[in-house]
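What follows is each chain in one-letter form.
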Amino acid sequence: MQQVNRLSPFFENLVFERSDNHMIVNFGPQHPSAHGQLRLILELAGEMVVKAHPDIGYLHRGMEKMGENMIYNEFLPTTDRMDYIAASANNYAFALAVERLLGIEDKVPRRAKIIRMMLLELNRIISHLFWLATHALDVGAMSVFLYCFREREFAMDLMEDYCGARLTHSAVRIGGVPLDLPEGWLESLSKFLDHMPEGIADYEGLLDQNRIWKMRLEDVGNLTPEMAKSWGVSGPTLRGSGIKYDIRKEEPYELYDEVEFDIPFCDARDSYGRYKLYMQEMRESLKILAQLIPMYKESEHGLMAHAPKYLSATKEDMMTQNYSLMQHFVLVTQGMRPPVGEVYAPTESPKGELGFFIRSEGEPYAYRLKIRAPSFFHTGLLTDLLPGHYLADVVTIIGNLNIVFGEIDR
Amino acid sequence: MREYRPKKDVQKKSYYRDRFYVAPQVPREKIEEGSRFFDDVKSLGSKFEVKDSYVEINQLVVIVESSSIFEVIGYMKNSLSYDILNEMSAIDYVAKCGGFEIFYQMLSLSTTKRARIKCFLKEGEAIESVSSHFRCADWSEREMYDMFGIRANNHPYMKRILMPDDWEGHPLLKTYPLQGDEFAQWYEVDKIFGKEYREVVGPENRDGAMIDRYDTKRFSRIGHEVEYGASIDLGEPDTNLKYQEEKGVFLIKKLKPEISKELEKRK
Amino acid sequence: MAQHQVNYTKDGGLPVMLTTVDHLINWGRSNSMWFLTYGLACCAIEMMASGASRYDFDRFGTIFRASPRQADVMVVAGTLTKKHAEFIRRLYDQMTEPKWVISMGSCANTGGMFNTYATVQGVDRVIPVDIYLPGCAPRPETLQYAAMLLQQKIRRERAFKKLPKKRLV
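Residue numbers (our numbering), protein chains in the order written: chain A, 42 to 451; chain B, 376 to 642; chain C, 190 to 358.
Some hints could be false.
Computed list of lysine-lysine pairs in DSBU-like fashion (alpha-carbon distance at most 35 Å, straight line) [said to hold, decoys possible]:
(1) A/K148 to A/K338
(2) C/K288 to B/K628
(3) A/K328 to A/K290
(4) B/K405 to B/K426
(5) B/K488 to A/K290
(6) C/K288 to B/K493
(7) B/K471 to B/K405
(8) B/K405 to A/K285
(9) B/K405 to A/K350
(10) B/K426 to A/K290
(11) B/K488 to B/K452
(12) C/K288 to B/K566
(13) B/K383 to A/K285
(14) B/K534 to A/K148
(15) B/K592 to C/K342
(16) B/K488 to A/K317
(17) C/K288 to B/K497
(18) B/K570 to C/K350
(19) B/K488 to A/K350
(20) B/K592 to A/K92
(21) A/K350 to B/K549
(22) C/K350 to C/K288
(23) B/K382 to B/K570
(24) B/K566 to A/K350
(25) B/K493 to A/K148
(26) B/K488 to A/K328
(27) A/K350 to B/K471
(28) B/K382 to B/K422
(29) B/K592 to C/K350
(30) B/K452 to A/K290
(31) B/K549 to A/K285
(32) B/K422 to B/K405
(33) B/K383 to B/K570
(34) B/K566 to B/K382
(35) B/K405 to A/K148
(36) A/K148 to A/K328
(37) B/K452 to B/K417
(38) A/K350 to B/K388
(39) B/K388 to A/K148
(40) B/K471 to B/K382
Since the hints were derived computationally from the structure, they do not count as laboratory data. Everything numeric in this text was worked out from a predicted model, so none of it was measured.
Kindly generate the complete structure, drawing on both the sequences and the hints.
Now the structure itself:
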């Protein structure tokens, strides 16, 4: 299929020479340090960015439309592909929204809640490690990339042992979790917990006092609290501006009010402060995971909520009881019919506030499904954050905001 | 007779409806004295016309007129300390009542209260942009325009954000099919090769369940490779295909399985 | 003294080696495939993982290059959307001959689970593809296997093919 194509040279909106001596640079949409498919159109005066115009949508796959054309359980694996670095966090956010809509949030068994929290925190570590790896690679520290992926693979092994997939987990279901922890998983987890602080110490040893790292991060990307609020910034980026708001603490879901952990935050407002924050967050996640192990051991068996109107019964019931089997058949072929109403459920994903807005009309298909993705607003923030920085700092800022295009474009 | 399909709503529908099934309603609490949101609603009601207000799943819902939305959002931000606009978008009700429902999801950082401001907008009308209150509304409103075709007045840059600039149609409307109209289906071919190449490239295969086992033009099975386009109706030969080519590779030592070590554990 | 003399007649002692030009060039090409990192979505993460510590892709002579002018193999890792389709064609045109394409993951192969208005239903509608990798997302081992298969394919090819006419973009 070697065809001659009719693509004209791509200068449509690029003016190279202008009367005011400013230059327009096109960055992306396929740039190795754009963290996906970001296209930035930058106006430069010398080496200083005067105006930045992020152009997104190169990974728009129509997920919200898909959500309107799929039954709720069918849509769950699609959420994996949003923030593909921490897939379980998306699964969970969607499951939580549907559970709140159905009113079965409290019926989820304790063990399922503990397993979910384990997955969420493990995903947070995976995501933060990946963030550090790519951010450091962009800034020029290649070896950090290799070190981070070393630990990340161990965390991925744990995820793989639990659900069988490395990247797209679908490990959380509406109403619970599909599986109990496999044998020996907790031992592997505690081994990982013992090993991980050494890894974090390694990265900090490489970066904390590294002159290049400090020069490139300190005082770059100053995000004032006013700007952060105005842009709807959330997660570690918001806390890096000195606003201490974490949904896990303020509006606790699952068992986050039972475990002890701190919310790291800093007033530095710059990229280096946010880097320190991410490292601290990983430690807090380890702390939560360590508390969850004894909690799991004490919990009673039970993985899915009991709500026969909406959720299938256990396999055992289905095989022995006629009515359970009928119900399962209806739920699989037609889908559950939630009550009429709206729900917005915010969760603290590794990137920030991830929320699903669902409008249900009592049909098995959502009438409207809106995904509130944190990275969407973080990318918009680039418009205001980039001007005044040098061209070389653009890559630092993009890397530091921790954006993932699966959830920006959806 | 062909089944009649309503054109105004091409969303997938449940194939079975129980005639006697009445969907329950998510419980809505009235706002009475002592409620978390009582003061907010009272002060909002004294300034603006509030059509309805209730609490749904721990979040305040206020329905106001679409003409006063700019002032309401400003009041919420400045006087009631709802300092973050989490999300805003629209819901398509064109088929049902000829318009859109627009919602603004807000959060107060200091009191951790969440509120949803809603208003109804008729089809073809434009909403006042709130991007001077919240910068993030800039992008949200562009997305709303892209997906629904709702314009925002006084917006700094009212252009498509997710779809390409030359796109036709607004994808999240209920009249827009999931798999796209004709323009969408041929978009990349038209743009790259031109319309005359539609026949060369062929239509998209949208059937996820389609398997043509005898198609040797597009796929060759590993280990059963035949020539391009050859007929395999009578079965295909085994082509012994391993990474180790039979005579070995030039200058590369042959792998000796007997001396290679198999790790028991990856760590 | 005589025992240190090289025996030219015995196998292995020969300082010369005979081969065909085809063999030699293909050997070089197949063992130094430079990949263009065309990371689009989820599969890009697995592509990075296969280049990182545990899966160490450099063993196959592959180096990830960020510029199409320096790359031989384009790995399309992820969903190709309609908005992006023209850029993949542009970058493919900018690559120098000989060039190969690996389509990584279900989305790149057929559109995968995204049977929607915004997704190109397979990159082979836009650029020619040599190897399709199944999986969502394929594991790094799958990408390694694809690299090995591609090496095999390259070795079987004629080194000097008639090249299609170049055009400037």
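Practice prompt. Find the hints from earlier in the document that the structure breaks and name them by number, from lowest to highest.
Written response: 6, 13, 14, 17, 20, 24, 28, 31
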